[in-house]
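Q: Listed here are the chains, written in short residue letters.
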Amino acid sequence: MSAIEHTSITVTPPQQRQRSNDRRGAGGTAIGPRGLIAISWIAPVLLVLVWEALARNGWLSPQILPAPSKVVATAVKLTLSGSLPHDLGVSLLRAAVGFALGGGIGFALGTLVGFSRLAEAAIDRSVQMIRAIPFLALLPLVIVWFGVGEGQKIFLVSLGVAFPIYINTTLGIRQVDPKLLEPGRVQGLSTALLIRRVILPGALPSILTGVRYALATAWLALVVAETIGAQAGLGFLAMDAREFLRTDVIVLTIVIYALIGVGADSLARALERRLLAWHPNYGAAR
Amino acid sequence: MTRPHPVHQDSGDAVTVTDLRRAYGNRTVIDALTLRIARGEFVALLGESGCGKTTLLRALAGLDPIQGGRIDAPGRPAVVFQEHRLLPWDTLWSNVALGLPPQGARERAAAALAEVGLGDRLDDWPRNLSGGQAQRVALARALVQEPELLLLDEPFAALDALTRIRMHGLVKELVARHRPGVLLVTHDVDEAIALADRILVMRSGVIAAEHHTEQAGDALGLRRLLLAELGVRAGFAA
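The listed protein sequences correspond, in order, to chains A and B.
Going by my numbering, the letters in the first sequence line up with residues 1 to 286, in that order.
Going by my numbering, the letters in the second sequence line up with residues 1001 to 1238, in that order.
Chain B extracted, bound-state conformation (with noise of 0.2 Å):
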C-alpha cells in the first residue's frame, strides 16, 4: 500500500476527542474513547453492525448529545451519509450551496460540482440522478464547505460494485485535494484498506485495535487481521 501524500505533515488537528461518553437512556454505547485525527489523514473505523460506529460519527457531527467527555475540532464538519439525502426540490446547484452565503454561492457550487464531475448538470434534479452521480453530488455539498473534518457515514454501502470502485478513486483524489481530516465508518474491510492511512477497529463502543496502512505493507496479511479482528475466520474468508 503506497500513498502518494505523506501523513500529518499538515499542522493541526481535524478533531481531538476525550473520554468520550454516548448513551441511550440507561445503555452506555460508548464509553472513554479517545481519538485524534490530524488534518489530511484518513482514517477508517471499521466495525460490526452495532458496534457504536454510527453513534461516534454521529456525535462528532454534532447530531447528538453527548453525555461526557470533549470533541475538539476548529470548525464545523460535514457529513456524507449513506443515503445522499439531497433536496428533490431544489437543482443540483442550489443542494450544494445550501447553507453558503448567496454571494457567489452558484459559482462555488458550480466549481464542487465540476470536482465531482457533474459540472453540466447544474440545474438538474436529483431524480434524474444515478445513486452513484447523487453520492457525488453530496460528496459536492460536503466539500464545498472547505471542512477541516469529513465525516463519510458508509457512503458507498448502496452502491453497485463497479461504482463503488470509481467513487473509492474520486474521494482518495478529493480528499488529496482538500486535505480534511477524514473519518469513514465502513464494515468493508477491503475499502478502509484501499482508502484509509490509519484504520481504527470499533469493538462494544471502544476503540479494540489500530493499524497503519503504510507500515502493515502486505494488504493480505492486513485483510486476514482486520477479519480475524471483526471475527470472521480467516480461513473461511481469505
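One chain only, chain A, in its complex shape (with noise of 0.2 Å):
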C-alpha cells in the first residue's frame, strides 16, 4: 500500500514514530536494529557453549546434564527411527483437539455473556466460581472420571484454555464503543450485520489476546496431563527416559516443549499482525 505516500498532511504520532525508529534504530543508539538482535544472541550462545564444555571436560555427569551435542544426536535418532516424530505427532493433536473444543466453549459462553445481561446473570458467577480452582488442582479429580486416557489429556487442556478465551471474549464484546453501532443503526442494519461488522471485529483484539494467553495454558496442560499415565505423547518419552536414566532424552522433550511454546506464541502474534492490521498497536506499519 502506498500509504505513506498520502500522509503528507495526515500523519499521526505513532507512525511518525514508527517511522523514524526504522531508520535511527530503537533507542537512537549508534548500534542499529540488526546489531542489537546480535548482542541478545551473545549470551545464550555463551551459556551452550560453557555447558558443552562442561560436559565435554566431565565436570558434568551425563546423567545429571548431557552435552547440547549429544541431545542433538539424540534428537537425530529419534527423528530418523521414527518415534519422535509420531510422540511429538500425538502430543500436538491432543492440543489442538484440546484447544478447539475449549476454545470453542470459551467463545460460546463469552459470546453470549457479553450481548446479554440475562446471560451474564445466569452463567457468569459459575463461570467464575470456577475459575477460581486452579485448574490443575482438578487433575486427582479427573483422573478419577477420566481414567488416564485421551479424556484425561483432552479435558484439562480444554479448561485450561476455556477460561482464557471466555474472559476476554466478553470483555472485549462490551469494550466495543456504542457509538460506533448507531449510523449502522439509523440505516437499518440487521443485528447479525451489526454483530459481524462492527461487535466482533470490535472485540478481536481483546480475544486474540485470550488466544495467546489460552495457548500457553493449553501448554502447561498438556505437559501435566501428559506425565501421568501416558501411552504415547512427548510426556510418555520423558517418563520413559526417566525409567532409563536417559537425561538427554529428557532434555530433548523440555526442549521441544520450550520450543513449541515459542512456536505457538509467535503463531498468536502472526494472527494479531494479519487480522489487526488496522490496529495502530498491531498493524504492520504501512
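Any given hint could be a false lead.
What the hints assert, rightly or not - Which residues of chain A face chain B? A few of them, derived with a C-beta cut under 8 Å, are:
| hint | residue |
| --- | --- |
| 1 | Leu180 |
| 2 | Glu182 |
| 3 | Pro183 |
| 4 | Gly184 |
| 5 | Val186 |
| 6 | Gly188 |
| 7 | Leu189 |
| 8 | Arg196 |
| 9 | Val198 |
| 10 | Pro201 |
| 11 | Arg246 |
| 12 | Pro280 |
Said to hold, decoys possible - Calculated lysine to aspartate or glutamate pairs in the EDC-like style (CA-CA distance at most 16 Å, straight line):
| hint | chain 1 | residue 1 | chain 2 | residue 2 |
| --- | --- | --- | --- | --- |
| 13 | A | Lys179 | B | Asp1064 |
| 14 | B | Lys1172 | B | Glu1115 |
| 15 | B | Lys1172 | B | Asp1190 |
| 16 | A | Lys179 | B | Glu1115 |
| 17 | A | Lys70 | A | Glu52 |
| 18 | A | Lys179 | B | Asp1153 |
Unchecked claim - Distance windows between CB atoms, simulated:
| hint | chain 1 | residue 1 | chain 2 | residue 2 | range |
| --- | --- | --- | --- | --- | --- |
| 19 | B | Gly1119 | A | Arg185 | 23 to 29 Å |
| 20 | A | Arg185 | B | Glu1107 | 22 to 28 Å |
| 21 | A | His279 | B | Leu1063 | 24 to 30 Å |
| 22 | B | Pro1101 | A | Leu259 | 47 to 53 Å |
| 23 | A | Leu193 | B | Arg1027 | 31 to 37 Å |
| 24 | A | Gln128 | B | Ala1228 | 56 to 62 Å |
| 25 | A | Gln128 | B | Arg1233 | 55 to 61 Å |
| 26 | A | His279 | B | Asp1072 | 41 to 47 Å |
Please keep in mind that the hints were generated in silico from the structure rather than gathered at the bench.
Since the structure is predicted, the reported quantities are computational estimates derived from the model, not experimental observations.
Where a beta carbon is used, it is the ideal one built from N, C-alpha and C, also for glycine.
With the hints as a guide, bring both chains together as one complex.
A: Structural data, given as C-alpha cells:
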C-alpha cells in the first residue's frame, strides 16, 4: 500500500515515531537494530558453549546434564527411528483437539454473556467460581473421571483454554464503543450484520489476547496431563526416559516443549498482525 | 446572502414532524414540536447546549423512541455525527459501503469518496486520516445512501477554523447536487447563516424563532438578531 505517500498532511504521531525508529534504530543508539539483535544472542550462545565444554571435560556427569551435542544427536536418532515424530504428533493432536473444544466453549459462552445481561446473570457467577480453582488442582478428580486415557488429557487442556477465551471474549464485546453502532442502526442494518461488521471486529483484539494466553495454558496443561500415565506423546517419552536415566531424551523433550511454546506464541502474534492490520498498536506499518 | 438554487422547488417533504414529544423519564425535553423540511431545503437548528436540538435530531434519526406525536418521512435518513464514527477495522471504501447491497458496493463507495475528494484512498485505514478527511468520509457514507433527509449533528464542531470553512463549501456543493432535505444542528451562528435557507432557534424544547436567510438580506443584521435570540448581547458580540 502506498499510504506513506498519501500521508503528507495526515501523519499521526505514532506513525512518525515508528518510521523514524526504522531508520535510526531503537533508542537512537549508534548500533542498528540488527546489531542489537546480534548482541541479544551473545549470552544464550555463550551459555550453551560453556555447558558443552563442561560436559566434555567431565565436569558435568552425563546423567545429570548431557552435552548439548549429545541432545542433538539423540534428536536426530529418534527422528530417524520415527518415534519422535510419532510422539510429537500425538501431543500436538491432543493440544489441538483440546484447544478447539475449550476455545469453542469459551467463545460461545463469552459471546452469549457479552451480548445478554440475562445470560451474564445466569452463567457468569458459576464460571467465575469454577475459574477460581487452579485447574491443575482438578487433576486427581479428572483421573478418577476419565482414567488416564485421551479423555483426561483433552479435558484438562480444554479446561485451561476455555477460561481465558471466555473472559477476553466477554470483555472485548463489552468494550466496543456503542457510538460506532449508531450509523448502522440509523441505516436499519440487521442485528446479525451489526454483530458481524461492528461488534466482533471490535472485540477481536481482546479475543486474540485471550487466544495467546490460552495457547500458553493449553501447553502447560498438556505437559502435566501427559506426565501421568501416557502411552505415547512427548510426556510419555520423557517419563519413559526417566526409567532408564536417559537424561539426553528428557532434556530433548524439555527443549521441544519450549520450542513449541515459542512457535505457538509467534503464530498468535502473526495472527494479530494479520487480523489487526487496522490497529495502530498491532498492524505492520503500511 | 444569495443562493444558487431556489428553495421549495422539489415536490414532497423530506420530513414532517407533528406534535412531537420527547421525554427522559419524567423530564420533557421536547413538547408539541412541529416541523416540516422540504426536499432540497437546508435548515439550520440553533440553540444553546441542552435546549433539545440534538434530542430532536436523534428522534428524527430513529435512534431514540418518541413519547408522542409523529414523524413522517419517505425513507431512512442519514446522519453525520460530531465524531466521524468510522469503523477503524474497515478500509475507507468498506466504511462507506456499510449496509449497501454487495453488488456494485465498491463502485458506489468509490464514486462517493471521489465526490468528497478522497477517491485515491479507497483501501486506506481511517487511522491515517486527519479530522477533516475523516469527516468527509462520514459525509460520503451518508450521501451514498441517497437519503431524502440528511441529519448533521454539529459535524464541523471539532474541526479547525480553516478546515471548517472548506467543509462548508463542500457540504453546500454536495447538498446542491443531491438535494436531500438537510437539518443541521449547530451552535455556530455564522455557520448557520453561511449554509442554511432557513434558520430555526430552539429554546427549552420548542422552536422559538424562525428566519429565512434569503429574505433577511443583511447577514450582519441577521447575525445580531440570532445572537440576541440566543441570549448573547449584540454590542458585545458584533
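Q: Can you list which hints this structure breaks, lowest number first?
A: Structure breaks hints 8, 11, 16.
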